[in-house]
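As they're listed, the protein sequences go chains A, B, C and D. Under the numbering used here, the residue at position 141 of the first sequence is numbered 143, and the numbers go up by one with no gaps. Under the numbering used here, the residue at position 145 of the second sequence is numbered 147, and the numbers go up by one with no gaps. Under the numbering used here, the residue at position 108 of the third sequence is numbered 110, and the numbers go up by one with no gaps. Under the numbering used here, the residue at position 309 of the fourth sequence is numbered 311, and the numbers go up by one with no gaps.
It should be emphasised that the hints constitute simulated quantities derived from the structure, not laboratory data. All figures in this text were calculated on a predicted structure; none of them were measured in a lab. We treat Cβ as the ideally placed atom computed from N, Cα and C, and that holds for glycine.
Calculated pairs, SDA-like style, for lysine to any residue (alpha carbon to alpha carbon, straight line, at most 25 Å):
#1 C:Lys326 / B:Val321
#2 A:Lys131 / C:Asn263
#3 D:Lys131 / B:Gln271
#4 A:Lys326 / D:Val320
#5 D:Lys269 / B:Ala279
#6 C:Lys131 / C:Val252
Listed next, with one range per pair, are the computed distances between beta-carbon atoms:
#7 B:Val162 / D:Ser136: 37 to 43 Å
#8 A:Val162 / D:Val187: 29 to 35 Å
#9 C:Gly295 / B:Val321: 49 to 55 Å
#10 D:Gly295 / B:Ala279: 25 to 31 Å
#11 A:Leu275 / C:Glu185: 40 to 46 Å
#12 C:Asp276 / D:Val321: 50 to 56 Å
On the chain D side, residues computed to face chain C include the following (Cβ under 8 Å):
#13 Gly231
#14 Phe232
#15 Thr253
#16 Trp260
#17 Glu262
#18 Asn263
#19 Asp268
There are 4 protein chains.
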Amino acid sequence: MHKIALIGAGRIGRIHARNAALHPGLHLAGIVDPMEASAQSLAQEWNSSVISLDQALSDDSIDGVIIASSTDTHLDYSLRAAAAGKAIFCEKPIDQDLARAKSAAGQLSDARLLLAFNRRFDPNFQALKQRLDSGVVGTLESLQITSNDPSPPPPSYVAVSGGLFKDMAIHDFDMARWLLGEEVVEVFAAGSCLVDPEIGKLGDVDTARTLLRTASGRLCVIANSRRSGFGYDQRIEAYASAGMVRADNVTESTVQVWGENGAAADKFQNFFLDRYAEAYRREMDHFVDILEGGKPSVGYADGVAALALAEAAAESVVVGKAVKL
Amino acid sequence: MHKIALIGAGRIGRIHARNAALHPGLHLAGIVDPMEASAQSLAQEWNSSVISLDQALSDDSIDGVIIASSTDTHLDYSLRAAAAGKAIFCEKPIDQDLARAKSAAGQLSDARLLLAFNRRFDPNFQALKQRLDSGVVGTLESLQITSNDPSPPPPSYVAVSGGLFKDMAIHDFDMARWLLGEEVVEVFAAGSCLVDPEIGKLGDVDTARTLLRTASGRLCVIANSRRSGFGYDQRIEAYASAGMVRADNVTESTVQVWGENGAAADKFQNFFLDRYAEAYRREMDHFVDILEGGKPSVGYADGVAALALAEAAAESVVVGKAVKL
Amino acid sequence: MHKIALIGAGRIGRIHARNAALHPGLHLAGIVDPMEASAQSLAQEWNSSVISLDQALSDDSIDGVIIASSTDTHLDYSLRAAAAGKAIFCEKPIDQDLARAKSAAGQLSDARLLLAFNRRFDPNFQALKQRLDSGVVGTLESLQITSNDPSPPPPSYVAVSGGLFKDMAIHDFDMARWLLGEEVVEVFAAGSCLVDPEIGKLGDVDTARTLLRTASGRLCVIANSRRSGFGYDQRIEAYASAGMVRADNVTESTVQVWGENGAAADKFQNFFLDRYAEAYRREMDHFVDILEGGKPSVGYADGVAALALAEAAAESVVVGKAVKL
Amino acid sequence: MHKIALIGAGRIGRIHARNAALHPGLHLAGIVDPMEASAQSLAQEWNSSVISLDQALSDDSIDGVIIASSTDTHLDYSLRAAAAGKAIFCEKPIDQDLARAKSAAGQLSDARLLLAFNRRFDPNFQALKQRLDSGVVGTLESLQITSNDPSPPPPSYVAVSGGLFKDMAIHDFDMARWLLGEEVVEVFAAGSCLVDPEIGKLGDVDTARTLLRTASGRLCVIANSRRSGFGYDQRIEAYASAGMVRADNVTESTVQVWGENGAAADKFQNFFLDRYAEAYRREMDHFVDILEGGKPSVGYADGVAALALAEAAAESVVVGKAVKL
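So here's chain A without its partners, still in its complex pose:
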């Protein structure tokens, strides 16, 4: 049983609170949030206590912290928690500023820090990677990552999000790095505003295609839209020398209705809370591994690398040519 504290009692914090509280290997000892009421209600729900950040970091019985606070605090809290010797479960992105993130690399690259790219823990994408690694389809040649949200966030969210590439595609850049098996050397991206003109007014795009290339010539396309019209669209196709592996969307059930217009499957799971529920649980399992001495499978350097791809993509949209890394 490892005592941990949760920093941030918002939407994603509540997911991690539940998974930590129900995990046989963890004791959720404290919850930190400047919004007293949020912290209080979450602490009550899971039989925990409201504590301050200082308490969390200075209490030697607390082995680790989950950082689920706002993005602008991720880096600072990670540095403080690392200095305090805590194991760290940090929500993505590590920061919105690549230069700043790079400057902290010396202090955090060897920290016991799990950067919470949840998709690496999705059973479907894990199964896809296992097939690729098994060699059943030969050597990887190219990737198609499709990643569309069900509907656009409000402009107020977009305004502080860091833009589509850093906020949304950052997950896909991490998936690309995880699956490509070698680093990306060149990025080209095109973006449009087709979904919501308000997003365009904020200088952001809502629809994008990004093309990555590795040193050996592997190609990867990332397709993003802020709105799919059919729920959460999270698919990957990995083309290899002897075939292809793909992971599809998840439906709410296996039920089909057959009528005069043909066979209709059930709805796709609508968004990340459903689609990645199991991924969040597995992520917590991995945090327990780290608390017990294991090495993070995805860490600070991965966060920096994904951020670098996001910046390159954003730059490419502006300059209209491929950006070298």
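Fit chains B, C and D to the supplied structure of chain A, relying on the hints for placement.
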């Protein structure tokens, strides 16, 4: 090039006329039909001539006949064509009366007679049989044959059809015999009138389940309804010792529409003209094989055997117990 | 928080222990099992205590009991728990003897007893029922229930199981009753021994097809085999006046491998622990509802009715005709 | 009945010969090919005659010509046939040289010329376009066109092919134009040699991703590889404001084998002769429409436009930036 004549210019006759006329190995030399206008228009369409039945049978240059006339003429015309030395392509069923069909067996069992159970020539069911025969799933143990029409025929058709078992399920009895690999020894059937009360008033059922058993204990369920609500429903599942093979319905295209209710496939092909178009062509290919000396893969004895199963099923519905064969 | 006790620390008991222990609405206060070691290890795992049956029934702070002991104790323990005023979560079947089960009906039909037919709580079958009830495909006409185990149990299990119909098909009889919307009036069944000759030596069958009919003529086929060759095969097709609803098997992931032989989906979930994991959780939710005053959605009378169908099916196999109920 | 001549008795010529010969609206009056033996055997097969190109063009009873000769003759023969007043069915590409193709536009843009982009006639892609046009998914926003061959052609073919973009992707550029509903204004492409080093030695790529953008910001990705490892991979996804429409690959049958590794579908159709057999027939139907006064649905200008996209893509690979059109 074999000269043949077509007897019967109705719906199914027109299909065979087209396939014969376009077949490089056949010359459709004449069309016989008491309805002068039908015969005439079909002859014009395919550059053929209207002839009488006697002409068709007495013309030694005509090698074979396609019997696509009304069911009550199948047996008589087959006997006359066999006596005239013609190869015969005879539509199913061979007759509606089992005793009469059996009585002609001596004269027809060795005739060059192809009994046109079209489903044996469907590419999907042929692929299913090929997989079963290959042993990839081990030894067959049981079958599920699903065979539902899109919508019920008019009561006037039902009245002269011979009933659901002889008219509709006869195809499924043949499929069962073809796939089971041994003869059926016991038949139990239950029938209901759920689709159209007019069918019940005629003493027939529109919904039935028939359970067949072979000597070694293989079980086969045949599911029939005169109305599916979603097009032509023609599926088979073959359970074997190491897995299962199944053949599914055919859709009009591979197109799917993904919307807020999930993924919707395209319509199923609506009825036999679409679903079995290729089967009819392959059936004609096989008739050419027979004209060139090949042995019919499905002949008179198969027609009698399927009819025997249909009569047993109809009897079982009345007596409420399994009927031995 | 309701205090409950678990009776039976075997395979299924361990599932319920986990779900009860992790349920926010329950406190797993005690575990009863004649096998001291099993009870002890399960109690430790979930921070509970080993208690005796008498303690469980006499402790007024314990609101309910989960009966997951051997089948021959289900009825006796249910009667004792009902007499003690407990809410009851009883594993299926209620008993192997229909007459005995009927004789206890007076005492148990109104008990707060949840008979644990887990499939009613499967999200896929619940979605199927919801579609049927919504009327989107019109009025139900017939059902196809396919229920095959991955591989046969050892003969030692079969010997005490009560036979395929009472042990395995009992679930399917309950599903049929749940979905048909009216009682079954006639049962015909055919059984064979095709999977394991040892099963036949014990007087049981390993492959069966059962045909049910309701008063209004709805037909239902139940297909059972003790071995599928491809994992747990749990599917339902519900044919109605305007279409069909079906629930399919569940795969381990959405991953497909595309190779020279075509597209291969992932494995099917292998057996009930995987397929019905969520059903077991939902079943526990419903038990909490009952503890809070709700009415059991499936109770003692449902257990008796399913057992009656199982006995009728077994009799039909012997007599070779439909058995009236 | 329109008399037509076929120019070119090679692989694709033989397909068109068959479809023309079997078409009720066409009479295949002559076959032209410098390879006397090829012309002769094809003429015999379809009961036609070998004629010279001059005969074909000067015979006023011949209404149209099918140009299925080598690519370098397409433009010249089209010009001569147009001058002779013939309707023209010309294989793609119109030419390998964009400047030359443009220079002939004045003479050919209004010709009765059908440029044979066969995919426009594929039933699956036609169904996809019909759904898009119907508005059922709202307004188109982006396209994903996946177009991989089963295995690479021999280097000798590649050497004279014009390169991946003009030879293979040209079809996809046409599909993009057909579906996007507005002209492409910008092209970015990345190419690699991953399949066969010999292709790289010839200065060509065998794997490419091309990103197109229209004036309103619609984005289209074209994915190409000379080798899929699983047959012919021809799929399109069209994302729109209220959902997505997609057309999938075609399998050889609907058969599935279910075994211990899960459900395996049948093979995908291996290459264009199978996948586009029906498209070739529909293309011929449309040529008959044109002979009867209809307007070509795809003509010379479409050939030039697709060639322009191919050249831009090839240029983009070299310069590493988006090329404006």
